[in-house]
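Undergrad: In order, the protein sequences belong to chains V and R. Letter by letter, the first sequence follows residues 1 to 369 of this note's numbering. Letter by letter, the second sequence follows residues 1001 to 1102 of this note's numbering.
Derived by calculation from the structure, the hints in this document are not laboratory data. Don't take each hint at face value.
Simulated crosslink set (SDA-like; lysine to any residue; CA at most 25 Å straight-line) [stated by the list, open to error]:
#1 R:Lys1073 x V:Leu195
#2 V:Lys121 x V:Met102
#3 R:Lys1073 x V:Gln5
#4 V:Lys276 x R:Lys1095
#5 V:Lys245 x R:Pro1085
#6 V:Lys276 x V:Val336
#7 R:Lys1035 x R:Gly1068
#8 V:Lys245 x R:Thr1088
#9 V:Lys353 x R:Pro1085
#10 V:Lys120 x R:Arg1048
#11 R:Lys1073 x V:Pro244
#12 V:Lys245 x R:Asp1052
#13 R:Lys1073 x V:Phe23
#14 R:Lys1095 x R:Asp1047
#15 R:Lys1011 x R:Asp1052
#16 V:Lys353 x R:Asp1052
#17 R:Lys1011 x R:Gly1068
#18 V:Lys120 x R:Pro1050
#19 R:Lys1073 x V:Gln274
#20 R:Lys1011 x R:Asp1064
#21 R:Lys1095 x R:Gly1068
#22 V:Lys245 x R:Lys1010
#23 R:Lys1095 x R:Tyr1037
#24 R:Lys1035 x R:Arg1048
#25 R:Lys1095 x R:Gly1006
#26 R:Lys1035 x R:Asp1064
#27 V:Lys245 x R:Pro1050
#28 V:Lys120 x R:Gln1045
Listed here are the chains, written in short residue letters.
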Amino acid sequence: MSNQQTHERMASVRSGIQRFGSFLSSMVMPNIGAFIAWGLVTALFIETGWTPNATLAELVGPMITYLLPLLIAYTGGHLVYDRRGGVVGAVAAVGVIVAADMPMFLGAMVMGPLGAYLMKKIDQVLQPRTPTGFEMLVNNFSAGILGGLLAALGVYVVAPAVTAIARGLGAGVQFLVDMSLLPLVSIIVEPAKVLFLNNALNHGVLGPLGVARVAEEGKAIEFLIETNPGPGLGILLACMFFGPKISRATAPGAIIIHFFGGIHEIYFPYILAQPKLILAAIGGGMSGLATFMVLDAGLLATPSPGSIIALMAVTPRGDHVAVLAGVAVATVVSFVLASLLLGFGRSERRAEKAEKGAAAAQNTKEATS
Amino acid sequence: MTTIQGSDVKKVVVACDAGMGSSVLLTSQLQRTLKPYGVTVEHAQVDRVPADADVVVCHAGLLDRARGNLPDKVVVGFQMFMGDPAFTRLEQAIKEGETLGG
């Protein structure tokens, strides 16, 4: 196989993964406002919250058990087959939600698009055969019957299966935490982020896992894995002091957008331009996670965007120091590693000098010839 | 390779993975530079770019996806979110009515 072909295959694999991840995250991301509402209500009103209030704490359970999964199922269905798909998807998801004894995000992410897809297929068969004047009757009842059937099917078939998978994944993370191996996930997470799989990972995988843990334990470290702004901040700081000329100029603005605005994408190009910097991101991510783990830090909801402000807002009472410590450690480690990798600007100065030298040589050559 | 005359560009769409983070940031930047030439700038998710876009701008890491989705549109890729020469070229092409390819 030629190089060209290998390259094309790599590119198509990469866009395939991106596209699938994008589908997962686009079910979740439009609903982040609802997640934040839930996170804030939880942080404020539960027994261990800032202003405990038993009446308002009643909001917490139904929101996480029903509202959030239903929103995800609706959005997933909507992506596949518009509003009609959204409605059938949400109905289809109810079965899984009711039958499972944990918040059923994974189930909603399966049933929403599945219900919509089946509705689309059924419409393709039924609609051309519907006699004039019966369209509304047929459409409403085909959606109702399919939704009801899928909901019932969800209770008996899908819920046990998806619960087992969700438990397996959760147990996997728990195992990593128990064995103190969680920092190792940075080896996968940081490079994947830079390849623009950040949303897919965070909202498609880690978010749903984290929500399940919050329901059980009151906070989740899963929300901190991808969203820690520390590693990116360290790299941007290193680029500001020791990077190539062009990055020195743009890094200060990027730092503000990254750390306070929470748009992590802005630091990816600095790594893509100098791939060795990924080692700094991994080191920063690992040390940050180790700190979170040792200090038992966690968040209530996905901080999105991954800004320090969003992180602080969804940190449960009493965990702010631990979260800040993890961010700070990640920043320092990633900054030191990135500075080392950039040779504290030495190679950059040499390159600039060499460039000047080459230009001068060129000039003398031209002058003499 | 598709091309378009800079003077025919009426709508630029900035695309990113989610259509709500980095693309919004760039949209507000490009709006400022392109408004004087009567060009509207919008943001979108890379798999759902509106059909009436004349030029699509996205990061090099998403180029394969954008080109695959939009074979008959001009897709401009960039590396850096700030100060990338691709933005200067885009503005230049629109200002001078030059041919833009990609």
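Undergrad: Tell me, in ascending order, the numbers of any earlier hints that this structure violates.
TA: 2, 4, 7, 11, 12, 14, 16, 19, 21, 22, 26, 27
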